[in-house]
Each structure stands twice: as C-alpha cells, then as structure tokens.
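**Q** These are the residues of each chain, in order.
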Amino acid sequence: MKFGVIVFPGSNCDHDAYHVISKHVGQPVSFVWHKETDLSDYDAVVIPGGFSYGDYLRAGALARFSPVMTSVQKFAAEGRFVLGICNGFQILCEAGLLPGALIRNRDLHFICEHIHVRVETANTPFTHELRQHQVLRLPIAHAEGNYVCDDETLAELENEARVVFRYCDAAGNVTDESNPNGSRANIAGICNRARNVLGLMPHPERACEGLLGSSDARGLFRSLADTLALRS
Amino acid sequence: MKAKVYVTLKSGVLDPQGKAIQHAVELLGYTGVVDVRQGKYFEIALDDSLDDAGARESAERMAREVLSNPVIEDYRVEIEG
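As you go down the protein sequences, you meet chains A and B in turn. Read in order, the letters of the first sequence correspond to residues 1 to 232 in our numbering. Read in order, the letters of the second sequence correspond to residues 233 to 313 in our numbering.
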C-alpha cells in the first residue's frame with residue numbers, strides 16, 4: 001500500500017502528514033507535486049493543511065485548478081481513499097468532492113488550540129478502529145473553518161451518517177460553547193456518499209505523539225492502513 | 233472592454249466580517265446602520281475579440297467557475313465598452 005501526500009505551493013503540513021504515515025502507519029509514502037497527474041502508484045492520498053496559493057480568492061479555491069486535482073477526482077471516483085485535512089478539506093469542498101463550504105470563523109480570529117471532537121460514525125474506512133461517540137482531543141489551526149451548507153445538504157449528511165466528527169466538550173457533549181468556529185451543526189468533518197473521501201478541519205497528523213500533546217488520532221491512520229491492508 | 237464582477241454572500245450566509253465592520257462604524261457614531269455585508273469586486277480587462285454578448289458570456293462563466301463559490305456566493309456581471 002502506498003500513500004501520496006499532495007504538495008501545493010503554500011502547503012505547510014505536508015511533512016507532518018509524511019512523518020505520521022512513515023513513522024506511525026509504517027507505510028511507504030511520497031510527496032506528489034501539484035503539477036503531477038499520475039496517481040496510479042497510490043492507494044490513498046492526503047491533501048494536507050496549509051495555505052495553498054496563499055488562500056487567495058477563497059481558501060482552497062485556486063488549488064482546485066491544479067493539474068493534480070483532476071487526477072484526484074478520478075482517484076476518488078475509483079473508490080480509492082482521499083483524506084483532506086484543514087486546507088485539504090477546504091480544497092475538497094471547493095472541488096465539489098465534498099458538499100458545503102468553509103467560511104470565516106464566527107469570531108473572525110485565527111484559532112490555534114486543542115479542541116475536542118466526537119466520532120459520529122465508526123462506519124468509514126478512516127474511523128472503523130475508533131468507537132462511535134469516542135472523544136478525541138485534536139488541534140485546530142484555521143481562520144476559515146466555519147462549515148456551512150444548505151438545509152437539504154445538512155439533512156442528507158445527517159440521514160446518511162456522513163457527519164464523521166463534531167466539535168464537542170471534553171465529556172462529548174455537542175454544545176454551542178464547544179463549537180470553536182460557528183460550524184453548522186458543530187460539523188468538524190464529513191465524508192462523501194461512497195465514504196472514501198474524508199475532510200476535516202482538525203489536524204489528526206499533529207495528534208499522533210504524546211510529545212505533541214495528544215496521540216488520539218492514531219486510530220484514524222490505523223483505520224485507514226487496516227482498510228488498505230484488507231484490500232490488497 | 234472591461235468586465236466588472238461583483239461577488240456577494242448569499243442572503244442567509246453569516247458574514248462575520250460584515251458584522252465586525254458594522255460594529256466598527258457604530259462605534260464611530262454612525263447611526264441607522266442596519267446591516268453590512270462584505271463582498272468582492274473584480275475588474276477583468278478583455279481584448280476586443282469579443283462583442284458585448286461574448287464578453288458577458290465569458291465573464292459570467294469565469295464568475296461562476298472561479299470567482300464565486302455557488303454554495304455560499306452570488307455574482308453579478310457588468311460589461312463596460
């Protein structure tokens with residue numbers, strides 16, 4: 001199984017993702033420059049956090065037009081795995097691989113802190129080794145993480161159990177106070193209908209080592225690695 | 233020829249920047265401000281190979297595909313000869 005970490009001009013969490021995959025997942029991983037178009041070597045790609053194209057126009061808006069994104073569309077349509085983290089989530093929404101959009105945080109601030117999310121479903125390739133309603137402590141670092149979508153999309157996400165993570169307090173209660181950025185229905189991460197594309201604002205790649213304050217996200221990468229192992 | 237494109241947040245989409253601006257003007261003593269919505273404005277210079285209708289169509293397509301995100305934003309195009 002092989003992982004690719006896509007690198008746009010302005011990506012800055014690419015090395016973190018690479019580190020976690022090589023060290024904690026223990027699998028081969030390569031960087032994929034955004035001008036490349038051949039993803040045939042890979043079983044899963046990570047679209048990492050950062051400020052692709054300086055967040056010009058809208059966060060993620062210009063990265064969507066990079067050559068590699070056409071291949072990512074195809075890659076996802078083939079049922080292979082795509083994980084978008086932070087700016088990666090914004091890019092997936094802009095590219096239409098996930099519904100909705102991410103706008104400025106409710107209170108306008110760039111928020112950089114550890115928050116809690118509740119695992120809403122273990123029924124994804126990314127969360128099957130986690131428990132439903134398990135609480136994870138993860139860092140967020142964003143100014144545009146306020147998830148919005150229309151009523152119809154929200155109903156679809158809820159009915160199809162595609163809300164994967166929700167902001168909550170340490171005890172797992174989903175409340176307004178525990179919603180750091182104003183996201184609709186406290187949404188922190190969602191998947192597509194086929195469940196092979198996940199986008200989330202928190203940074204799981206920064207929560208795999210106790211030294212960094214939390215290793216709660218190891219289960220996410222382990223889930224994905226096990227899914228891939230079963231497939232191959 | 234010039235295309236002017238205005239991109240605005242759809243009504244109902246929270247605009248925290250607009251709210252902060254409203255708060256600031258109110259602090260300055262301006263009264264009667266009911267709401268402020270922040271948007272984006274683009275000027276696109278086009279050569280003369282297109283007529284007005286062609287320029288409009290081209291600018292509308294750019295507005296739809298790139299300049300706006302249809303999930304949260306609306307756009308309006310004006311063509312100036």
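Since the hints were made in silico from the structure, they are not lab data. There could be a bad hint or two in this list.
Said to hold, decoys possible - If you want the ones that stay clear, here's a sample from chain B, every Cβ over 12 Å from chain A, calculated:
| hint | residue |
| --- | --- |
| 1 | Lys234 |
| 2 | Leu241 |
| 3 | Gly250 |
| 4 | Leu259 |
| 5 | Gln270 |
| 6 | Glu275 |
| 7 | Leu278 |
| 8 | Arg288 |
| 9 | Glu292 |
| 10 | Val298 |
| 11 | Pro302 |
| 12 | Arg308 |
Unchecked claim - Partial pick of chain B residues on the chain A-facing surface, computed with a CB cut under 7 Å:
| hint | residue |
| --- | --- |
| 13 | Ala252 |
| 14 | Ile253 |
| 15 | Ala256 |
| 16 | Val257 |
| 17 | Asn301 |
All figures in this text were calculated on a predicted structure; none of them were measured in a lab. Glycine included, C-beta positions come from ideal geometry on N, C-alpha and C.
**Q** Take the hints in turn and mark each one as holding or not.
**A** Each hint, compared with the structure:
Interface exclusion of lysine 234 (chain B) from chain A stands, the closest Cβ pair being 19 Å apart, more than 12 Å. The Cβ of leucine 241 (chain B) sits about 8 Å from the closest Cβ of chain A, inside the 12 Å cut-off, so the non-interface label is violated. With a closest Cβ-Cβ approach of about 10 Å to chain A, glycine 250 (chain B) is found to fall inside the 12 Å limit, against its non-interface label. Consistency note on leucine 259 (chain B): stated as away from chain A, and its beta-carbon is indeed over 12 Å from all of that chain's, at 15 Å minimum.
In this structure glutamine 270 (chain B) is not separated from chain A by more than 12 Å, as the shortest Cβ-Cβ distance comes to only about 10 Å. Glutamate 275 (chain B), annotated as away from the interface, keeps every beta carbon of chain A farther than 12 Å; the closest lies near 15 Å. The beta carbon of leucine 278 (chain B) sits about 19 Å from the closest Cβ of chain A, which is more than 12 Å, so the claim that it is off the interface holds. Distance check for arginine 288 (chain B) against chain A: the nearest CB is about 21 Å away, which clears 12 Å, and the non-interface claim stands.
Its beta-carbon lying about 17 Å from the closest one in chain A, glutamate 292 (chain B) satisfies the requirement of being farther than 12 Å from that chain. With a least beta-carbon separation of about 7 Å from chain A, valine 298 (chain B) fails to lie farther than 12 Å from that chain, contradicting its non-interface assignment. With a minimum CB-CB distance of about 9 Å to chain A, proline 302 (chain B) fails to clear the 12 Å threshold, and the non-interface call is violated. With a least beta-carbon separation of about 17 Å from chain A, arginine 308 (chain B) lies farther than 12 Å from that chain, consistent with its non-interface assignment.
Among the interface hints, the one on alanine 252 (chain B) holds; its C-beta lies about 6 Å from the nearest C-beta in chain A, closer than the 7 Å criterion. Interface hint at isoleucine 253 (chain B): violated, since its Cβ lies 11 Å from the closest Cβ of chain A, which is beyond the 7 Å cut-off. Interface hint status for alanine 256 (chain B): violated, as the beta-carbon distance to the closest one in chain A is roughly 12 Å, over 7 Å. With 7 Å as the threshold, the beta carbon of valine 257 (chain B) stays out of range of chain A, its nearest partner Cβ sitting at about 16 Å, so the hint is violated.
Against a cut-off of 7 Å between C-beta atoms, the interface hint on asparagine 301 (chain B) holds, since the closest Cβ of chain A lies about 5 Å away.
Going through the hint list in order, the structure does not satisfy hints 2, 3, 5, 10, 11, 14, 15, 16.
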